[in-house]
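Asker: Below are the chains, spelled out letter by letter.
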Amino acid sequence: MSTTTSAPAAPKKSSPGFRERVDNLPKAVKIALWVVFAFFLFLLPLLNIPFITTEGSDFGGVLFTVATYVLVALGLNIVVGYAGLLDLGYVGFYAIGAYTIGVLTSEHAHMSWVVVVPIAIVVAMISGIILGAPTLRVRGDYLAIVTLGFGEIVRLTLVNSEWLGGAQGISDIPKPPGLELFEVPSIDWSSGAPVVDLGTTSTFLKFGINDFVPYYWLALGIIGLVLVFDILVKSSRVGRAWEATREDEDAAELMGVPTFRFKLLAFALGAAIGGLSGALFATKAGFISPDSFQLLLSILFLAAVVVGGAGNRWGVIVGAIVVAYFPERFREFADFRVLVFGLALMLLAIFRPQGLLPPRRTVRAKRADDRQAVLEEGEAHV
Amino acid sequence: MSDPTPPTTGDEPAVERTLADPADEVTEINPDVDIAPEDIGVPVVSEGERLLEVDEVTLRFGGVVALNEVSFHINKGEILGLIGPNGAGKTTCFNVMTGVYQPTSGGVRYLGKPLGKRKKFQITKLGIARTFQNIRLFANMTALENVLVGVDAHHSTGVVSAMFRLPKHRREEAQGYARAIELLTFMGLDGKADELARNLPYGDQRRLEIARALATSPQLLCLDEPAAGFNPAEKAKLMELIRTIRDQGYTVLLIEHDMKLVMGVTDRIVVLEFGRKIAEGSPAEIRDNPAVIAAYLGVDEEDAS
Amino acid sequence: MQNLIDNFFAYTITGLTIGAVYALVALGYTLVYGVLRLINFAHSEVFMYGTFAALWVVMLLGGRPGAGVGQVVFWVAMMFVAAMAMSGFIAVLLERVAYRPLRKRNAPPLIALISAIGASFVLAEIMGLRSRITGWVGLDDNLRDYVRNSRNNAGMPTIIAPQPIFTIGGYHVTNVDVFVIVGAIVIMIILDQFVKRSRLGRGIRAVAMDPESAALMGVNRDRVIQVTFLVGGLMAGAAAVFYMLKIGITRYDAGFILGVKAFTAAVLGGIGNLRGALLGGFILGLAENYGSAVVGSQWKDVVAFVLLVLILLFRPTGLLGESLGKARA
Amino acid sequence: MRSTLKFAVPLAVAALALGACGTKGGDTATPAASGGAAACGNYKIGMFGALTGPNANLGIYIQNGVNLALDDYNKKHADCKVTLENYDSQGDPTQAPALAKKAIDDKKVVGIVGPAFSGESKAADPAFNEAGLVTITPSATNPKLAENGWKTFFRALGNDATQGPAAAKYIKDTIKSTKTFVIDDASEYGKGLADIVRQDLGSQVIGNDTIQQKQTDFSASVTKVTSSGADALFFGGYSPEAAPLIKQLRDAGWKGTFVVADGVKDQSFIDNAKDAAEGTIITCPCVPADVAPEFQAAYKAKYNEDPNTYSGEGYDSATILLDGIAAGKDRSSMVDFVKSYDKKGVTKQLKFDAKGESADIKVFAYKVEGGKIVGTGEIK
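Keeping their order, the protein sequence lines are chains X, S, Z and C. What the first sequence shows, in the working numbering, is residues -10 to 371, in sequence order. What the second sequence shows, in the working numbering, is residues 64 to 368, in sequence order. What the third sequence shows, in the working numbering, is residues 10 to 338, in sequence order. What the fourth sequence shows, in the working numbering, is residues 452 to 831, in sequence order.
If you are wondering where the hints come from, they were derived from the structure by calculation, not from laboratory data. Careful, some of the hints might be misleading.
[Claimed, not checked] Residues from chain C that face chain X, not an exhaustive set, calculated with beta carbons under 7 Å:
hint	residue
1	T503
2	P505
3	E639
4	G680
5	D682
Everything numeric in this text was worked out from a predicted model, so none of it was measured. Where a beta carbon is used, it is the ideal one built from N, C-alpha and C, also for glycine.
Modelling step: build the complete structure from the supplied sequences, incorporating the hints.
Answerer: Structure follows, in structure tokens:
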């Protein structure tokens, strides 16, 4: 049977070298590599690696921010990347998640964090459905402006509603319950070489005021879960239906895909993940106000998705890191951050129009190939 | 990760496939692959009965009458040709049958029941599938995935099943892959399952569209000018393919410009002109029908050839 | 509510004035969208540069005009020339730098939006950082008045002193109100005629209708697109003048919200439809004012967006439908 | 490897671009050139607030005052200079906590001037409190900030609760307004202030409206004000909105008195509103510049302009911390030092009550006359 490698010159087909070599590794080695990588990510804020670590702001805090962007980007990727719906008001869901936490743990009730986070997800999801049900029937470009309006409506409602704290916002959002299992030391590089610094440690899952590392760990764990969810759902009927809808809505409908239902599903799931990230943000910040949910944020979120490569989950993660990390890393050029960011967006659009990591159809194709091989084996055994 | 899949097609297909010459540039179909519609709850009518009736359908766009009281029917198991000069309303008629347009008056009955205001995807689920005149594949999905979308029409895996990999998801995926491979093999596209649809050669794209439509397990397969852009040799092959599809138990409605193709393959023919039915009958009858000859001669020599 | 009834004409006239500005800016969105199917996100900055050009030309020519009618006409004319030149230039530049390279590479539509967003940031920030930029090149002292407090408001002297000229329903309609509303409509009519009758206008319509056929018929697509941007920029420049006459104060980020509103107006009327932009702008201006009167100014934007959603629900292609191509030939 | 290289290039380009621009941009936070004597602590004080971005003006005015105080100190203690560490929050509460952590982790930092805004204070002050790092804010005026029991919180100016009643008193007693219209901008500051004025003026408030920040067209509000027949308008908000608001009101022929608070005490208000600004009354819990002529002269000498809003408070806040350093205090002992501080500063007698509020608050009225903000005396 012929394989994909003989494909006629596909445009922009990524060279297989690195990827293939990784793919060809034995499964055990692959898993081990993943574990090591995950471990590295968890330790990153404590390693204080020179050059990578942000000088101007606390690295743990910055990493947490990056992690929330990653989470947001994963959620928005379902909407924009998979289902092809242009959403310019994603910050609305982010705000709804955060405010659900604020209202239920501080402003009007004192419920437990563990209970409230699922509520926040559900509330965001419902708001996604409420917004999507009437608007998803309008055409793509109109959806952009409608969602943009939604984001602003949410923010203005927050500003002008006394019940939600108005412009003052909501303070004293309690910390989540911690565990305090063990302490992790950090690395000190001030002597020029790495030295383990037992004086500066982070306690595993003690959610304090002055140590952002545990929040980062929490966010990282949630990202892991969302990623697994994303992978499982994408590689199913649901994922195919989204893609078919994105590619050609009418044809999809005529092939039996209830496109509206799937668009709404994408919207709801995206909203839920947006709400979850907002909830995380509120938890760590302890204080939220409408100022934290400006329209600009929606645009940054969208930029993260598109810069990375809409439709590719690894791409949007890279995009989120670029959008959230670089401005903090190059903080000393603060005044020019937005200018340079804008320039970078333009350059990217011109020189890398598919995003930093475009969707890897070839990888998927390969997986399909494996399936086929399995099928044949199955047949041969009978 | 993949699930052990029970073979649904018996042994021959695998053998057939291995025998196919990979060096062969022209894609050959594998007519022996059994692609008969699956038992997925679509009611089956016995051969010869009316599968679909178009009943005095009129469709107006503003002041323009696109279809004017058109009536005809399709019998189970036949190949019905729907022909007519450009702009006669053939595709519009298709669109009414598949729910893209609602008729201004009249209606379409499927298995004796009116389609009413059913949505497009619901009609597909009932068992009417179509291809498009200008190819509309999911360009950035692989050939296999294109077909899978069609198979999925009768699946119900949702987020929860997918998330927890419940037995339903596994069963449907396994069944879906098996069916998709079967169809691709039938179409001679099994070697190209992993190609992006947009990278396939033109002829393969046409065939992939048919495979995708068949994947929805239709009672009625509507082909909208499937031979457009083909050379005579390819057209001949396509006719053979259409006949094979019918022989496997499908009913086929064929829109076509090319009279020769239609004459050679269809059982009955309906002729439209300016949104009106001007003739109906066997190929022989149509060939001799003066109204049809006039319509074709009066319009476009080339098309009538 | 009572307040709205009592001052109905005041709210209406002032709503129409700001609506006229929305409408003119909306034209830029609608033209570009009609031709390229692209939300020109950076169009708001095209407008913003126009406001600064109008301001600077007044400063450059001595700051404060005398009274007489001749003087006023001269100053307003200078503002139009400067603002339209600046906005037109920025719009064409934008097309060359941010969009044309993408078109040449057949980039997906979403990426064009990203480029537009990037361009919008760059343009706004350049204006916001202009004092720093002049500082580098050593022009800070010479240009101090133009760049001082570049993140802050920049205000200009009154050019047309508002004088009530007639009274309707208790509201004293001023010369500025009349000038803005009538001026916007006149400009709109000129544009409508241009698109309808001129050769370039026909080109624009042809490309909007069917780019490929237009190309086959010998229409130079690039040129048409460039002209479209230019025309959109000129309209934004005119809007900038009206804005400065009415509001008199601008800022590096003044375009953003106004741009969102203007785009809303374009969608409201039916994007791609020139008369739709006019109608959408006026309706949006009125709706905002009436809404502010009834529920408070803080809900102004909410009123605007809710109106948009409602209209799209019942008329999915906007009030007049989308039809630059079909624009009533 | 080619694929990795492909996306590495744009990244590198972006990074280079950032780098290239930055070097030109310059940076005010230059670390100390060298340490002084062995006993010298090489202490730093932090400046926490918006130094870049849309809200940077206020932060820079404060920073100017702080730098002036540092110059004074370092002139006297040339052997052991104190340096300034900038924490540029851009006024964004989201960025504030990580910056606070950075300041806390830098053990050389013994005190913070800031955070400048109320929002970022709420986000960052809990952390400062827990770490025991003193903050003296020269500009955050939300009354509730002092209610949190933060032992490290000090405020070098009056809060809105002192300014609001004074503004109401002025409207009632000096302007003798009987029909007052009140508008706020829905911001924490503006709405807080306007609500106090509304409460104090009671029934003489004949109309209310709320605008949005960054709004430029106020036609609806203008109609409301003019149709109400108000003889005075209090606006709770900042100068970017105040300038177009009064301009449009005057264009519509409204003749009443425009009263605003310290958020509008800013030359840019006059520059932009031009003639329309004339006669505007500005209340401010800040001492007129001519009360401290030396400070005014020094400021003008260094920055070539008059001290602006909160420059004096910035100077005073920094001076308190520098006095503490001179007295040999470190981070932990600084809290008590500030608590018991009692000296005359350029803006007022610097002394704090148990909550960290300034003990000696006077609110002054200013008036815009001939394109200048002129003090007209204390509101008593």
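Asker: Look at each hint and say if it fits the structure.
Answerer: Verification of the supplied hints:
no. : hint : verdict
1   : T503 : holds, 4 Å
2   : P505 : violated, 10 Å
3   : E639 : holds, 4 Å
4   : G680 : violated, 26 Å
5   : D682 : violated, 28 Å
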